[in-house]
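Enquirer: If you're matching them up, the sequences are chains A and B in order.
Letter 8 of the first sequence, counting from 1, is numbered 8 in my numbering, and no numbers are missing.
My numbering runs 333 ahead of the 1-based position in the second sequence.
Treat the hints as calculated values from the structure; they're not laboratory data.
No residue lacks a Cβ here, since even glycine has one placed at the ideal position from N, Cα and C.
Check the hints yourself; a few may be wrong.
Unchecked claim - Derived DEER-like restraints, expressed as beta-carbon distance ranges:
hint, chain 1, residue 1, chain 2, residue 2, range
1, B, A512, A, S19, 50 to 58 Å
2, A, F312, B, R391, 17 to 25 Å
3, A, W96, B, L455, 21 to 29 Å
4, A, F312, B, I389, 39 to 47 Å
5, B, T450, A, Y167, 50 to 58 Å
6, B, L608, A, W96, 42 to 50 Å
What the hints assert, rightly or not - Simulated coverage check for chain A against chain B, where a stretch passes if three residues somewhere in it have a Cβ under 8 Å from a Cβ of chain B:
hint, stretch
7, 87 to 94
8, 133 to 140
9, 156 to 166
10, 180 to 188
11, 255 to 269
Said to hold, decoys possible - Partner residues aside, some chain B positions facing chain A, computed with beta carbon under 7 Å:
hint, residue
12, G337
13, Q339
14, L433
15, P458
16, V565
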Amino acid sequence: MALLDQIRIVIPHRLETRSLILLSLALVLFLLPILQVVSDGYNYVLHVLMVIFMYIALASGWNIIGGYAGYTSLGHPVFFALGAYFSGVLLVYRGWSPFWTAPIAGLVATLFGFAFGLVALRTRGPAFVISTIALLLLARLILDNWEWVGGSNGLSLPMIGWPYRLYKIPFYYGMLLTALLAMWVSYRIRHSKLGLFLRAIAMDETKAEVAGINTRMCKVIAFAISAFFAGICGALWGYQQTYLRPTIFLTIGAAADLVLINLVGGRGTVAGPVLGAALRVGLDELVVNQFGSTELNITATGLLMILIVLFFPGGIIGALRERQRLPRLLDWD
Amino acid sequence: MTSGLQILILGLALGGVYALMAIGLSMTYGVMRILNLSHAAFMVLGAYLAYWALQILRIDPLVSILINGPLFFIFGIILYRILFVPLAGRPRYTEATLLLSFGLALSIEGMMGALWTGIYRLANPPYATRSLAFGSFYIPEGQMYATAASLWILTALWGFLQKTRFGRAIRATMQNRTAAQIVGVNVERISALAFGLGMASAGISGSLLSFLFPFFPGKHWQWISILLSLVVLGGMGSLIGTVVGALMLAVASVYVSSILGPTWSPATFYAALFLVLMIRPQGLFGKREV
Numbered sequence: 001m002a003l004l005d006q007i008r009i010v011i012p013h014r015l016e017t018r019s020l021i022l023l024s025l026a027l028v029l030f031l032l033p034i035l036q037v038v039s040d041g042y043n044y045v046l047h048v049l050m051v052i053f054m055y056i057a058l059a060s061g062w063n064i065i066g067g068y069a070g071y072t073s074l075g076h077p078v079f080f081a082l083g084a085y086f087s088g089v090l091l092v093y094r095g096w097s098p099f100w101t102a103p104i105a106g107l108v109a110t111l112f113g114f115a116f117g118l119v120a121l122r123t124r125g126p127a128f129v130i131s132t133i134a135l136l137l138l139a140r141l142i143l144d145n146w147e148w149v150g151g152s153n154g155l156s157l158p159m160i161g162w163p164y165r166l167y168k169i170p171f172y173y174g175m176l177l178t179a180l181l182a183m184w185v186s187y188r189i190r191h192s193k194l195g196l197f198l199r200a201i202a203m204d205e206t207k208a209e210v211a212g213i214n215t216r217m218c219k220v221i222a223f224a225i226s227a228f229f230a231g232i233c234g235a236l237w238g239y240q241q242t243y244l245r246p247t248i249f250l251t252i253g254a255a256a257d258l259v260l261i262n263l264v265g266g267r268g269t270v271a272g273p274v275l276g277a278a279l280r281v282g283l284d285e286l287v288v289n290q291f292g293s294t295e296l297n298i299t300a301t302g303l304l305m306i307l308i309v310l311f312f313p314g315g316i317i318g319a320l321r322e323r324q325r326l327p328r329l330l331d332w333d
Numbered sequence: 334m335t336s337g338l339q340i341l342i343l344g345l346a347l348g349g350v351y352a353l354m355a356i357g358l359s360m361t362y363g364v365m366r367i368l369n370l371s372h373a374a375f376m377v378l379g380a381y382l383a384y385w386a387l388q389i390l391r392i393d394p395l396v397s398i399l400i401n402g403p404l405f406f407i408f409g410i411i412l413y414r415i416l417f418v419p420l421a422g423r424p425r426y427t428e429a430t431l432l433l434s435f436g437l438a439l440s441i442e443g444m445m446g447a448l449w450t451g452i453y454r455l456a457n458p459p460y461a462t463r464s465l466a467f468g469s470f471y472i473p474e475g476q477m478y479a480t481a482a483s484l485w486i487l488t489a490l491w492g493f494l495q496k497t498r499f500g501r502a503i504r505a506t507m508q509n510r511t512a513a514q515i516v517g518v519n520v521e522r523i524s525a526l527a528f529g530l531g532m533a534s535a536g537i538s539g540s541l542l543s544f545l546f547p548f549f550p551g552k553h554w555q556w557i558s559i560l561l562s563l564v565v566l567g568g569m570g571s572l573i574g575t576v577v578g579a580l581m582l583a584v585a586s587v588y589v590s591s592i593l594g595p596t597w598s599p600a601t602f603y604a605a606l607f608l609v610l611m612i613r614p615q616g617l618f619g620k621r622e623v
């Protein structure tokens, strides 16, 4: 009894309820695949959740450089494709399961991100965005013409050898773990010295540099870490799709998705990309189911982006916080 | 096998057109620090207008310059007033304009796709397939007209910037916005004018693009990265730099195309961009940012 009282004192009441809700949500998500094992018919639910997890991981990763440091990258699809092709090629030519090679794919993406960042992040401001667009188009050009990995026709991967009823489950858990890891890393960076430096860079890079921060190294490290999650997601997603093709990975649309998710949710906040990812996938499922995928989707994406930049530059989280209406449940900063 | 001189001639001709395409982008950045990612989307839109003007009204693309120029100029001023003026004074202004114009580019791409589908188009005026021979060298007739038109417009723009009050005000604002304001330049009006001029150059380039290069709605991403890489090479915000960068990279791309094949000619621009960032991040004529 005495021990229980002590614990109550240590943990503030409000934090307790918030952690409880989030933990029970995580528990539900972990146990959900049992439904599919017990009775078939939940593959669609698992698939949608898996896509949400993937976007959470991708967008939280993007947020580390794009949100905290304020350096918009349109090149993240390249790391996604790099991960997918790395694990895909090892699967096709060596037979190694992407579930084992995915973390290595993430590290390969990190290394590549580090090297690219060293070059592209030498300058401040807009030159970086320009170089990421160029990186995306260059990667597309190379993959389209590299016959060993299938060129523009792409590469077919063998299916995972699980029965149809269960085959979504490993991908579900893979993406769930990646998303949790991304959220945890994003939270830890936000509350670390590096996070502080990155936010200083976003506000005023000259002043940050004068204050003695090695701004270039901070940016490069942030960029490399953010590439890690794109690499892992790519490896898992490619295996799940059973084929790799430059047109599904390397499009500006895919890059726009990550930007938009962060803008909608709230750039530079921990919860923003998570909220944005859930909304993005949820709305997409509704709209595509209702109206089918059309050119107007691109227009809608663009118009949404314009409206947010003009009227809600802080996204949902930022707008709520400004009006002091942000529920504690969503305040993870 | 094309000879070195032939490559140089074709490259310089191409570079003249690239210079016109990029000059507006460079000026908008120089005057207002707006990085307009939708510049090439408007160029492709201009190409569609020129294409349909030829198909339906039988208006030659070279003549449709006279329509596209004023049309895009007015449209640009309206766009500037509606979209970019509200952003003024924001922290991280360039970043905001970049995201805004990114959204704008996507909207235009989607609308072009909905209106005209995703198939490749190429306007086909009578001179598009002819070639002129000068001794042992040849030059496609369409390319020659396009280059001549570009050079003429660039010269007119240069004259405008050097000789008129508005031109001087634009150059002053490019050099130092605050100082220009202090000596009595109406910076807001100058900005709107410069944005309008930038858009007009996009529309005009679109007319030329329509018969020089096949296009489809999503093509503008390739164009914007080509144009941005030559702007970065020249030094962001330097008009002379943009022209020099355009000529250099156009010649280089024709050279690469003759060795590795046309597939790889866009790679010239991306590789050049990375090289510039590695060796001289501020570009050829750029000032190092403090």
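Enquirer: All hints are to be evaluated individually against the structure, with a verdict given for each.
Expert: Hint by hint, here is what the structure shows:
1. B/A512 / A/S19: 50 to 58 Å: Given about 55 Å between the Cβ atoms, the range holds.
2. A/F312 / B/R391: 17 to 25 Å: 47 Å, violated
3. A/W96 / B/L455: 21 to 29 Å: 46 Å, violated
4. A/F312 / B/I389: 39 to 47 Å: Holds - the Cβ-Cβ distance for A/F312 and B/I389, about 41 Å, lies within 39 to 47 Å.
5. B/T450 / A/Y167: 50 to 58 Å: 37 Å, violated
6. B/L608 / A/W96: 42 to 50 Å: 36 Å, violated
7. 87 to 94: Per the Cβ count (0), the hint is violated.
8. 133 to 140: Three-residue rule met by the stretch 133 to 140 of chain A, so holds; n is 5.
9. 156 to 166: Result for this restraint: violated, n = 0.
10. 180 to 188: violated (count 0)
11. 255 to 269: Holds, because 3 residues of the stretch 255 to 269 of chain A bring their Cβ atoms closer than 8 Å to Cβ atoms of chain B.
12. G337: 26 Å, violated
13. Q339: With a minimum Cβ separation of about 25 Å from chain A (threshold 7 Å), the hint on B/Q339 is violated.
14. L433: This interface hint holds because 5 Å falls under the 7 Å limit.
15. P458: This hint is violated: B/P458 lies away from chain A, its Cβ roughly 28 Å from the closest one there, beyond 7 Å.
16. V565: 6 Å, holds
The earlier numbered hints that this structure contradicts are 2, 3, 5, 6, 7, 9, 10, 12, 13, 15.
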